[in-house]
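Top line first, the protein sequences correspond to chains L and P.
The numbering of the first sequence is this note's numbering, which starts it at 1 and goes up by one.
The numbering of the second sequence is this note's numbering, which starts it at 1 and goes up by one.
It is worth saying that the hints were derived from the structure and are not from the lab.
Accuracy of the hints is not assured; some may be wrong.
Given that identical chains are not distinguished, each listed pair holds provided it fits within a single copy or across any two copies.
[Said to hold, decoys possible] Once the Cα atoms are required to be at most 20 Å apart in a straight line, the calculated SDA-like pairs of lysine to any residue come out as:
#, residue 1, residue 2
1, Lys16, Glu285
2, Lys228, Asp191
3, Lys366, Asp350
Protein chains: 2
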Amino acid sequence: MGNEALLARRFAVLGKHSPLFYDEPLHLVRGDGVWLFDADGNRYLDAYNNVPHVGHCHPRVVRAIAEQAATLNTSTRYLHENVVRYGERLLARFDPALGRVMFCCTGSEANELALRIARECTGNMGVICTAHSYHGNTAAVVQASSFLSTPEQRGRHVRTIPVIDPYREAGDLSEEALAQAYAAEIQRAIDAFEADGVGVAGLLLCSGLSCEGLPDIPAGYLARAVEKVRRAGGVFIADEVQGGFGRFGSHFWGHQRLGVVPDLVTMGKPMGNGHPLAGVVGRTELVDLFAARNPMYFNTFGGNPVSCAAGMAVLDVLEEEGLQENARAVGNYVLDGLRTLRACHEVVGDVRGSGLFFAVELVGDKQAKTPATEVARHVVNEMRRRGVLISRIGVHDNILKIRPPMPFSTAHADQLLATLDDVLGGL
Amino acid sequence: MGNEALLARRFAVLGKHSPLFYDEPLHLVRGDGVWLFDADGNRYLDAYNNVPHVGHCHPRVVRAIAEQAATLNTSTRYLHENVVRYGERLLARFDPALGRVMFCCTGSEANELALRIARECTGNMGVICTAHSYHGNTAAVVQASSFLSTPEQRGRHVRTIPVIDPYREAGDLSEEALAQAYAAEIQRAIDAFEADGVGVAGLLLCSGLSCEGLPDIPAGYLARAVEKVRRAGGVFIADEVQGGFGRFGSHFWGHQRLGVVPDLVTMGKPMGNGHPLAGVVGRTELVDLFAARNPMYFNTFGGNPVSCAAGMAVLDVLEEEGLQENARAVGNYVLDGLRTLRACHEVVGDVRGSGLFFAVELVGDKQAKTPATEVARHVVNEMRRRGVLISRIGVHDNILKIRPPMPFSTAHADQLLATLDDVLGGL
Chain L
1 MGNEALLARR
11 FAVLGKHSPL
21 FYDEPLHLVR
31 GDGVWLFDAD
41 GNRYLDAYNN
51 VPHVGHCHPR
61 VVRAIAEQAA
71 TLNTSTRYLH
81 ENVVRYGERL
91 LARFDPALGR
101 VMFCCTGSEA
111 NELALRIARE
121 CTGNMGVICT
131 AHSYHGNTAA
141 VVQASSFLST
151 PEQRGRHVRT
161 IPVIDPYREA
171 GDLSEEALAQ
181 AYAAEIQRAI
191 DAFEADGVGV
201 AGLLLCSGLS
211 CEGLPDIPAG
221 YLARAVEKVR
231 RAGGVFIADE
241 VQGGFGRFGS
251 HFWGHQRLGV
261 VPDLVTMGKP
271 MGNGHPLAGV
281 VGRTELVDLF
291 AARNPMYFNT
301 FGGNPVSCAA
311 GMAVLDVLEE
321 EGLQENARAV
331 GNYVLDGLRT
341 LRACHEVVGD
351 VRGSGLFFAV
361 ELVGDKQAKT
371 PATEVARHVV
381 NEMRRRGVLI
391 SRIGVHDNIL
401 KIRPPMPFST
411 AHADQLLATL
421 DDVLGGL
Chain P
1 MGNEALLARR
11 FAVLGKHSPL
21 FYDEPLHLVR
31 GDGVWLFDAD
41 GNRYLDAYNN
51 VPHVGHCHPR
61 VVRAIAEQAA
71 TLNTSTRYLH
81 ENVVRYGERL
91 LARFDPALGR
101 VMFCCTGSEA
111 NELALRIARE
121 CTGNMGVICT
131 AHSYHGNTAA
141 VVQASSFLST
151 PEQRGRHVRT
161 IPVIDPYREA
171 GDLSEEALAQ
181 AYAAEIQRAI
191 DAFEADGVGV
201 AGLLLCSGLS
211 CEGLPDIPAG
221 YLARAVEKVR
231 RAGGVFIADE
241 VQGGFGRFGS
251 HFWGHQRLGV
261 VPDLVTMGKP
271 MGNGHPLAGV
281 VGRTELVDLF
291 AARNPMYFNT
301 FGGNPVSCAA
311 GMAVLDVLEE
321 EGLQENARAV
331 GNYVLDGLRT
341 LRACHEVVGD
351 VRGSGLFFAV
361 ELVGDKQAKT
371 PATEVARHVV
381 NEMRRRGVLI
391 SRIGVHDNIL
401 KIRPPMPFST
411 AHADQLLATL
421 DDVLGGL
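For reference, chain L alone in the conformation it holds in the complex:
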């Protein structure tokens, strides 16, 4: 069936607003590693999707899902080895203070649960997030997703702090100055809550500032801000839905790169390589307090044997194929290449990266740093036409977002860089 006919049928069942990538939507039929194939047999290098974390259709994950689905799939109201073994393996990846895990199915559910735990355990309602955050699509989480919500929707229980962007801030913002600036913003939010009679439940932050397009923000910026939140009675929730599971190369979790032990950590997208699997890891006493008060808290599909088999297979592949180290090494290789492109192309204002997570900021003028939003849109679509999939992000939607599956090699990097060089050269 042609794409237009399929699109018309899609509109008839999903409506016209269900989001699609690219001006010319991509009709995919097959995936393999870092490759995607469309209905006409064209091949695309996937330099965007972090859900197929260890590669599209990794045979080990597929086998784990298929075998367990054929054996047993029930809820955690029965005893089963998988949820216990997976829980043990997952917790071994965290600071020992984080001793409990609760499983659910999506990043939205993980952030919902973390907000419930934070609010019920602190007795406070106030949540601080950044001014361009996205944490999911459920009502309470949308309020803390300033990327999509209006101040009216956020109400009096959510306050945002500005995104402090080292590229756009006045010249010499040292790491120390950045840390001070963030701490001051947090203090301002706390003071504003207090003036409103609202207690602070916590700070909810993506560990890679993904929606802000700041994956390489200096590690030190967070510690002092978190200290202020805790002194005000709140907790720190690290959202690892985008950055977790080794993507940053140097560390398995983004919060480890930032040198802070969170009170709660949420995870999702890459966790089951596409199988709907998510979770909250938290300080033992915090999770136990919430669970004691809510003994009927239950997630029907969360932590089921199939989901946990998928999760364990992802950990197996990450370990056996050395994918975190690959993210570090290939990440550096790509970053070098992007810096070369910045030197060659007037439109590339800034290049940032951490492991296999990159932001390429396009500007109309390198001095004025005017956001080149329409150029970014054109580049994303032109890359797609030339067989490389990326997207864009940021306050001005002018930042190329590059976040490939973890088995991305230097050969794949060369194709990405050469295609981007071509597209930028043709502007």
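Put chain P on the given structure of chain L with help from the hints.
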């Protein structure tokens, strides 16, 4: 590994409060059709789980998941046949006024989304639910789950109506009198909202009153109540998470049995036979209005090719194996058997059923109808020891909840009934 060692390890990762069935938890290792097997090789008749809707590990569903997982699993931001075909097949099961579907992963997410649509499209916040409802575990949904929330947690935007229980109401409550009583309760809730200055967004109701233990409530009770809600500016959300997909035998959806076309329908548990799959089906203009206002609404895993393959395989099996008709026929057979048990056992106060959904209310005295809560607990555990899995529910937790997978046969029914007869006889 012994159950006690596994339980200790489970406590260490999930904490002690993660809910488990039965005084002596069941360590399961395998499932097949209506059968579950524990680590010691014991076999159990599953007369409780509605998630493995077409039977545990149905080979057709397993194959669909395995094949699609090996081929492609991406999000709905790309065009794919599966989400379109599944959407078409699903919508064909509804009144034509319900023309759009939005996919997500869990019943909680479906009810979250339905509440968001209802509230954003009506411009009102007030939600009416029953006094013993459960709709999920996210913050907004917990507020409408009076089974778990306190009046303080529900706040001023959620009001409950009493569960009108024909068994416990004074003698001759005709269907007409019941309909009038429900309509009057709805009106009371609407008036109370209005006195508070809160507009009515909608009525959220499980189509089988599952948590109330009233699967056979007379069909006519709902129409007048819904009319009042609509006149007040609200919508009707039918929660089909427990009852949907043919369970009631006479109809594919619970709301069809009740003769009302909802504005929004939520579905989950049985939809993917255990694969995390859920959705909202709604009136075309309502969903389109919400989607136009929230064009970035997106669910990463919702409607992906694997989930939709699982969903289509469930529909295939339901159709090819005639499972809705089986639910009707075997449901009547079980109901007859339960009525015989009621005649023989003083403790069985009432027996109710609709298709393969049964409620057996245990009482200390048939005249006084005193809830036999502890007896119900004992019966559930004793049934488990004798190899038949059921649970309990209801305002007083004294109602045996029997809700087997759909391929339940008369032979399985005979085992269920004989075992229950034995257990009740041994009280």
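Check the structure against each numbered hint from earlier and tell me which ones fail, lowest number first.
none
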